[in-house]
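J.: Could you put together the complete structure from these sequences and hints?
There are 2 protein chains.
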Amino acid sequence: MKKKKYRDQAGLFIAEGPKVINELIAEGLQLHSIFAIDDSVGVKNATVITQTELQKISCLTTANSCLAVFKIPKKELTEDSGLIVALDAVRDPGNLGTIIRLCDWFGVAQLICSMDTADCYNPKVIQATMGSIARVEIQYVDLVSYLKDAKCPIFGGVMDGTNVYTQKLPENAIMVLGNEANGISEAVQNVLTHRISIPQFGKNKATESLNVATATAILLSECKRSTGR
Amino acid sequence: MKKKKYRDQAGLFIAEGPKVINELIAEGLQLHSIFAIDDSVGVKNATVITQTELQKISCLTTANSCLAVFKIPKKELTEDSGLIVALDAVRDPGNLGTIIRLCDWFGVAQLICSMDTADCYNPKVIQATMGSIARVEIQYVDLVSYLKDAKCPIFGGVMDGTNVYTQKLPENAIMVLGNEANGISEAVQNVLTHRISIPQFGKNKATESLNVATATAILLSECKRSTGR
Numbered sequence: 001m002k003k004k005k006y007r008d009q010a011g012l013f014i015a016e017g018p019k020v021i022n023e024l025i026a027e028g029l030q031l032h033s034i035f036a037i038d039d040s041v042g043v044k045n046a047t048v049i050t051q052t053e054l055q056k057i058s059c060l061t062t063a064n065s066c067l068a069v070f071k072i073p074k075k076e077l078t079e080d081s082g083l084i085v086a087l088d089a090v091r092d093p094g095n096l097g098t099i100i101r102l103c104d105w106f107g108v109a110q111l112i113c114s115m116d117t118a119d120c121y122n123p124k125v126i127q128a129t130m131g132s133i134a135r136v137e138i139q140y141v142d143l144v145s146y147l148k149d150a151k152c153p154i155f156g157g158v159m160d161g162t163n164v165y166t167q168k169l170p171e172n173a174i175m176v177l178g179n180e181a182n183g184i185s186e187a188v189q190n191v192l193t194h195r196i197s198i199p200q201f202g203k204n205k206a207t208e209s210l211n212v213a214t215a216t217a218i219l220l221s222e223c224k225r226s227t228g229r
Numbered sequence: 001m002k003k004k005k006y007r008d009q010a011g012l013f014i015a016e017g018p019k020v021i022n023e024l025i026a027e028g029l030q031l032h033s034i035f036a037i038d039d040s041v042g043v044k045n046a047t048v049i050t051q052t053e054l055q056k057i058s059c060l061t062t063a064n065s066c067l068a069v070f071k072i073p074k075k076e077l078t079e080d081s082g083l084i085v086a087l088d089a090v091r092d093p094g095n096l097g098t099i100i101r102l103c104d105w106f107g108v109a110q111l112i113c114s115m116d117t118a119d120c121y122n123p124k125v126i127q128a129t130m131g132s133i134a135r136v137e138i139q140y141v142d143l144v145s146y147l148k149d150a151k152c153p154i155f156g157g158v159m160d161g162t163n164v165y166t167q168k169l170p171e172n173a174i175m176v177l178g179n180e181a182n183g184i185s186e187a188v189q190n191v192l193t194h195r196i197s198i199p200q201f202g203k204n205k206a207t208e209s210l211n212v213a214t215a216t217a218i219l220l221s222e223c224k225r226s227t228g229r
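So the protein lines, in turn, are chains A and B.
Mapped onto our numbering, the consecutive letters of the first sequence carry residue numbers 1 to 229.
Mapped onto our numbering, the consecutive letters of the second sequence carry residue numbers 1 to 229.
Rather than coming from a laboratory, the hints here were simulated on the basis of the structure.
Hints may contain errors.
Pairs involving identical chains hold if they fit within one copy or between any two copies, as the list cannot separate such chains.
Unchecked claim - Below 20 Å or equal to it, Euclidean Cα-Cα: the simulated DMTMM-like pairs (lysine to aspartate or glutamate) are:
hint: 1; residue 1: K205; residue 2: E27
hint: 2; residue 1: K75; residue 2: D119
hint: 3; residue 1: K19; residue 2: E208
hint: 4; residue 1: K75; residue 2: D142
hint: 5; residue 1: K124; residue 2: D92
hint: 6; residue 1: K3; residue 2: D160
hint: 7; residue 1: K203; residue 2: E137
hint: 8; residue 1: K203; residue 2: E171
hint: 9; residue 1: K203; residue 2: E27
hint: 10; residue 1: K124; residue 2: D38
hint: 11; residue 1: K124; residue 2: E208
hint: 12; residue 1: K124; residue 2: E180
hint: 13; residue 1: K19; residue 2: D142
hint: 14; residue 1: K19; residue 2: E180
hint: 15; residue 1: K205; residue 2: E137
hint: 16; residue 1: K5; residue 2: D142
hint: 17; residue 1: K205; residue 2: D149
T.: Shown next as C-alpha cells:
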C-alpha cells in the first residue's frame with residue numbers, strides 16, 4: 001500500500017499517528033483497520049501489535065504508535081463554483097501536501113490534478129496534510145479536457161504574465177499551477193484565459209523562480225484578499 | 001563539514017553540482033577547493049577524482065558530478081533599512097532554504113536568525129537556495145536583544161493578530177516568523193510592536209496553521225504589494 005498501484009487496486013490508504021488518524025475519523029472517513037502498540041496511545045478499537053510488527057507495516061522511517069488503513073472515499077465531481085486550484089504535473093509529494101493545506105486554509109473546496117501529478121494518497125502527502133486531505137475534494141482528470149469544458153476564467157501562474165497585484169481576480173475562477181521544473185505545459189498554457197505572475201522585487205535576474213507551493217500561497221492569498229471571500 | 005561545529009571551526013561549507021557551484025562563484029564567494037569526476041562537468045579548475053571518492057565526501061544520497069568547498073563569508077551587520085525578516089527558532093533546513101529564496105525574490109536584503117534557527121550553511125539549505133544564499137545577508141544574533149535595539153516597527157506573525165490585509169505595513173520594518181511547532185516564543189512576542197495574522201477563509205477550525213515558509217511567502221508578498229517596493 002506504499003505504492004499507488006496497490007492503493008488503487010485495494011481502494012485503501014494508510015495514515016499513521018493518533019493525531020492524523022483521529023482527524024480523518026472525525027472527518028467521516030471509513031476505517032478499514034487500525035493497529036496500535038498498546039491501548040493508551042489515543043486511538044479507539046485498535047488491534048494491539050508489537051513495535052516490531054508496526055515498524056514492518058509502517059511507511060515512516062521511525063513508526064509512530066499506531067497505524068490505520070482507511071477506505072479511499074469515492075468522490076463525485078461537484079458543480080464548479082468559487083475558486084478552484086488545478087495542478088499540472090506537480091510531482092513532489094511535499095509540495096502537493098503543502099498545497100492541500102493551503103486550499104483548506106483558504107477555503108478552496110476543489111483541487112483538480114492532472115493525471116501525472118503526485119498521488120494524494122501517497123503516505124508522505126497524508127502525513128503532511130493531516131485532516132486537510134478530507135476537507136478538500138481532490139480529483140485526477142485529463143487537465144486539458146477539463147479546462148476546455150470549464151465555464152469560468154482560467155488563470156495560470158507563469159513567468160511572463162500580468163502582475164497579479166494589478167490583475168482583477170474574479171470570485172469564480174480556476175487557478176493553474178505547473179510542474180516544479182518546467183512550469184505549466186504548453187498544452188495547458190494554450191487553454192488559459194489569463195496569464196499572471198508574481199513580480200520579482202529582488203534585482204538579481206539569476207534568482208530561481210518561486211517554488212510551486214510558495215507561489216500557490218501567494219496567489220491564493222491574493223485571490224482571497226481581493227475578492228474578500 | 002556536514003556538521004555545523006566543524007563548518008564553524010574551519011570557516012568552510014560545501015556546495016554540490018555545477019549549477020549551484022557556478023552561481024556561488026559568480027556571486028563572488030571564495031573557493032577553497034573543488035572536485036569533479038571529469039573535466040567536462042561544467043566547472044573550472046577542478047581536481048579530478050573518482051565517482052566513489054566523490055560519493056564519500058558528498059552530503060547527498062546520490063552524489064552529483066562535482067563538489068566545491070567555499071569559505072564562509074565574513075559579514076558585517078549593515079545599517080538596518082527596508083524590510084528585514086527575522087526568524088525565531090525555525091528548525092527545518094527546508095523551511096530556512098525556502099525562506100532565503102523568498103527573501104531573494106522579494107528583495108529583502110537582511111535575514112536575522114535567532115541562535116537556535118537552523119544553520120544556513122547546512123548542506124540541505126545550500127542545495128535548496130542555490131545562489132540566493134550569497135545574495136541575502138544572514139546573521140545569527142540574540143534575537144530579543146537585537147529586536148530591543150531596533151528602531152523600526154516589529155511585526156510578528158501570530159495566530160490571533162490583526163488581519164494582515166487591513167493592517168498598514170510600513171516600508172522599513174522587521175517581520176518576525178516563529179518556530180514550526182510553537183510559533184514565536186514568549187520572550188520575542190513581548191518585544192513585538194504589531195501582531196499580525198493571515199486570516200483563515202476555510203471554515204474548519206481543526207485546520208492546521210500555515211507552514212512557516214508559506215506564511216512567510218504571504219507576508220512578504222503583502223508587504224511588497226502594499227508598499228510597492
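J.: Next, verify each hint and record whether it holds.
T.: Status of the hints after comparison with the structure:
Taking the closest pair of Cα atoms, K205 and E27 come within 20 Å of each other only across two copies (12 Å); inside a single copy the shortest separation is 45 Å, beyond that limit. For the identical chains of this complex, K75 and D119 are intra-copy neighbours only, at 15 Å inside a copy versus 44 Å across copies, given an alpha-carbon limit of 20 Å. Taking the closest pair of Cα atoms, K19 and E208 come within 20 Å of each other only across two copies (11 Å); inside a single copy the shortest separation is 36 Å, beyond that limit. In the homo-oligomer, the alpha carbons of K75 and D142 lie at most 20 Å apart inside one protomer (16 Å), although the nearest pairing across protomers, at 51 Å, exceeds that limit.
When the C-alpha separation of K124 and D92 is checked against a cutoff of 20 Å, the pair qualifies both within a copy, at 10 Å, and between copies, at 16 Å. Taking the closest pair of Cα atoms, K3 and D160 never come within 20 Å of each other, the shortest separation being 37 Å inside a single copy and 40 Å across copies. In the homo-oligomer, the alpha carbons of K203 and E137 lie at most 20 Å apart only across protomers (15 Å), although the nearest pairing inside one protomer, at 39 Å, exceeds that limit. For a Cα distance limit of 20 Å, the shortest separation of K203 from E171 across copies, 17 Å, qualifies, whereas the shortest one inside one copy, 33 Å, does not.
Taking the shortest Cα distances, K203 and E27 sit within 20 Å of each other only across copies (13 Å), while inside one copy they are farther apart (46 Å). In the homo-oligomer, the alpha carbons of K124 and D38 never lie at most 20 Å apart, since the shortest distance is 24 Å inside one protomer and 37 Å across protomers. Taking the shortest Cα distances, K124 and E208 sit within 20 Å of each other only across copies (16 Å), while inside one copy they are farther apart (25 Å). In this assembly of identical chains, K124 and E180 lie within 20 Å of each other by CA distance both inside one copy and across copies; the values are 17 Å within and 18 Å between.
Taking identical chains as interchangeable, the C-alpha atoms of K19 and D142 are never at most 20 Å apart, the minima being 34 Å within one chain and 34 Å between chains. Taking CA atoms no more than 20 Å apart as the test, K19 paired with E180 passes between copies only; the shortest distance there is 17 Å, against 30 Å inside one copy. Taking the shortest alpha-carbon separations for K205 and E137, only the inter-copy value of 18 Å comes in at or below 20 Å, while the best intra-copy value is 38 Å. Proximity of K5 to D142 under the C-alpha cut-off of 20 Å is restricted to the intra-copy arrangement: shortest distance 19 Å within a copy versus 51 Å between copies.
When the C-alpha separation of K205 and D149 is checked against a cutoff of 20 Å, the pair qualifies neither within a copy, at 37 Å, nor between copies, at 34 Å.
Of the numbered hints given earlier, the model fails hints 6, 10, 13 and 17; all others are met.
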